[in-house]
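*Asks:* Okay, here's what each chain looks like letter by letter:
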Amino acid sequence: MPEPSTPSSPSSVPPADLSFEKRWFLDGIVSGLPLAAPALPFGFVVGFLVSESANINNFTGWASAFIVFAGSSQLAAVELLADNASALVIIFTVFLINSRHIMYSAAMNPRFTGAPTWFRILGSYLLIDQSFALAENQPDDMALRDRMWSFLGTGLTFWVVWQTAVGLGVVLGNVIPEEWSLTFSVPILFMGLMVLSIKNRPGVIAAIVGGVVAFATRDFPQGTGLLLAIILGVIAGTLAETRLKADLAETASTS
Amino acid sequence: MNTLLIFIGCGLVTYFSRASFILFGDRVKLPETVQRSLAYVAPATFAAIMVPAVLGDDGLANLVPPSPQVGAIVIAGFAIAKTRNMAVALGAGMISLWLLQWVGL
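Residue numbers (numbering that gives the first Met the number 0), protein chains in the order written: chain A, 0 to 254; chain B, 0 to 104.
Be a bit skeptical, because a hint or two may be false.
Listed next, the stretches of chain B that the computed footprint assigns to chain A, with coverage defined by at least 3 CB atoms under 8 Å from CB atoms of chain A [what the hints assert, rightly or not]:
1. 9-18
2. 33-44
3. 47-61
4. 65-75
5. 81-88
6. 92-98
Simulated DEER-style distance windows between Cβ atoms [unchecked claim]:
7. A:K21 <-> B:G55: 20 to 30 Å
8. B:L3 <-> A:R200: 45 to 55 Å
9. B:I94 <-> A:N56: 15 to 25 Å
The hints are simulated quantities; they were obtained by calculation from the structure and are not laboratory data.
Here a beta-carbon is modelled for each residue, glycine too, at the ideal position from N, C-alpha and C.
Produce the complete structure using the sequences and hints provided.
*Replies:* This is how it looks when you write it as structure tokens:
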């Protein structure tokens with residue numbers, strides 16, 4: 000996994016005779032694999048739910064993995080379909096759960112300044128929690144070409160793992176014993192992403208507010224609690240940063 | 000309603016969210032405050048997904064005494080902070096969970 004301080008050469012150090020595109024693509028794959036591994040039980044559960052649901056045929060359920068390609072919202076959609084929810088309710092729920100990608104997209108856009116249209120079309124499709132987190136943690140002075148190929152490596156790795164995991168779940172059903180608690184690897188993953196994304200004290204405040212509000216509003220309908228938690232967490236972090244800067248300026252002027 | 004059409008609708012709103020700024024954002028300049036605030040989207044979001052998933056249906060009752068899940072996630076948090084390595088955090092978290100469940104905490 001590339002450290003924020005990684006100089007502009009791939010962390011996986013593949014053979015030097017490869018082109019830069021291939022080296023950074025490989026670097027993205029290597030960085031993405033530890034993040035993609037926990038998606039296996041998650042995707043397997045989504046596939047398992049599809050295989051159990053009388054309302055969804057197996058192929059259509061599997062197809063959701065490449066049509067939507069967003070785990071928690073797919074899980075919600077499959078559950079709502081099983082409950083005979085209306086199409087509008089299902090699609091709006093998925094939009095609410097996935098609207099955080101608008102914020103990811105806004106954060107990524109300056110990092111892809113000058114990127115060609117084909118990359119923006121494909122890269123948008125591959126913008127998920129994990130590829131966002133890795134790209135966000137890369138150094139600001141990284142070259143655009145390296146950034147692009149690393150992003151594609153991570154995104155496509157995750158895509159292959161996700162299609163495979165959901166497909167296995169559909170085909171095999173629930174053979175993993177529940178006592179293994181493998182779905183717990185999902186919150187561990189988010190804990191790891193959270194810690195890696197915190198770069199200063201206001202970041203800690205954003206995480207605390209986000210976590211506490213999300214817990215307090217966990218019974219809010221259709222993912223609105225999650226949205227509220229994210230927005231309040233971001234506001235808290237930004238206010239804390241403003242306050243911190245004002246304090247520093249005051250200290251500097253009085254000393 | 001055809002299930003496939005519903006999934007396609009889900010896919011379109013998801014793709015629109017992802018493409019919004021990457022595909023169409025060059026014409027829009029974000030205000031400075033918004034740009035600063037974007038640094039806090041990731042910590043707030045990941046905490047917001049993680050905390051309810053760890054505490055589960057029993058909520059605060061899982062904190063005192065800590066459930067195996069709460070113990071394991073704290074250990075995983077220390078592991079990632081110390082090593083910055085996701086695989087180490089996963090191993091530490093899962094093994095802690097199994098051990099804590101095994102000793103019956």
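*Asks:* Taking the hints in turn, state whether each one holds.
*Replies:* Do the hints match the structure? See the list:
1. Given a C-beta distance limit of less than 8 Å, the hint that chain A covers the region 9-18 of chain B holds, as 8 residues qualify and 3 suffice.
2. Given a C-beta distance limit of less than 8 Å, the hint that chain A covers the region 33-44 of chain B holds, as 12 residues qualify and 3 suffice.
3. Given as covered by chain A, the region 47-61 of chain B passes the check, having 9 residues with a CB less than 8 Å from a CB of that chain where 3 are the minimum.
4. Requiring three or more residues with a Cβ within less than 8 Å of a Cβ of chain A, the coverage given for the region 65-75 of chain B holds, as 4 such residues are present.
5. Using a Cβ-Cβ cut-off of 8 Å, 5 residues of the region 81-88 of chain B lie near chain A, which meets the minimum of three, so the contact claim holds.
6. Counting residues of the region 92-98 of chain B whose CB falls under 8 Å from any CB of chain A gives 4; the rule of at least 3 is met.
7. Separation of K21 (chain A) from G55 (chain B) is about 44 Å and departs from the stated range, judged on CB atoms against 20 to 30 Å.
8. For L3 (chain B) paired with R200 (chain A), a C-beta distance near 48 Å keeps the hint of 45 to 55 Å intact.
9. Checked against the given bound of 15 to 25 Å, the beta carbons of I94 (chain B) and N56 (chain A), roughly 39 Å apart, lie outside it.
In this structure, the hints that do not hold are numbers 7, 9, in rising order.
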